[in-house]
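Trainee: Residue numbering for the sequence shown follows my numbering, beginning at 36 and increasing consecutively.
I should point out that these hints are in silico values taken from the structure, not numbers from a laboratory.
Hints are not guaranteed to be accurate.
[Said to hold, decoys possible] Here are the simulated distance ranges between beta carbons:
| hint | residue 1 | residue 2 | range |
| --- | --- | --- | --- |
| 1 | Arg62 | His132 | 42 to 52 angstroms |
| 2 | Ser145 | Arg185 | 39 to 49 angstroms |
| 3 | Gly96 | Glu156 | 39 to 49 angstroms |
Just so you know, these numbers come straight off a predicted model, no measurement behind them.
Every residue gets a Cβ at the ideal spot worked out from N, C-alpha and C, and that includes glycine.
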Amino acid sequence: MIVSFIQELHARGVSHAQIAEQAGLPRGRIHQIKHTGPAPEDAFPGTGTITPATPLKREAGNARPVVAMGDVTAAKRVEDLARPDRNGNVLVFTGIHPQGALGAVDLLTSEIAPVWGQVGENRFPAVVGVEYDPAIGEPVRAEPASPLYRHEET
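Build out the structure end to end from the sequences listed, making use of the hints.
Mentor: Listed below in structure tokens is the structure:
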């Protein structure tokens, strides 16, 4: 808990020196406490299996359900983050366009430390704004379009 609090403050731009001063501890101790847990990129997906859920979309011409290739690509990228042990989490990525799911994954992989600093191990929804290159369908920029809200366990 204290590790996530320190990580959250640091992700918000508070320096280790400022945290140490407020806590009445040496700066080195704050740095040590912050780094006792797993790295954000290791802790975020958890230690269990990640089951990416890809949404079905309707084909325009005949309303047949299909899975967009961008959603499959996003699911594969999420799968690459996991260390499977069959006891994991479900992540659902969906967007107005498949590039939205790719952008969400891009945001998680490139900005994992600040995201982890805000949400830790809690569940959270996110709205992500994505700019993408239409020639290749890949995101060129992704950023949160809303605050990250933690779902507290009850």
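Trainee: Determine whether the Cβ-Cβ distance between Ser145 and Arg185 falls within the hinted range of 39 to 49 angstroms.
Mentor: 21 angstroms, violated
Trainee: Are Arg62 and His132 spaced within 42 to 52 angstroms by their CB atoms?
Mentor: Hint holds: Cβ distance 46 angstroms, inside 42 to 52 angstroms.
Trainee: Does the Cβ distance between Gly96 and Glu156 fall inside 39 to 49 angstroms?
Mentor: 44 angstroms, holds
Checked against the numbered hints given earlier, the structure breaks only hint 2 and satisfies all the rest.
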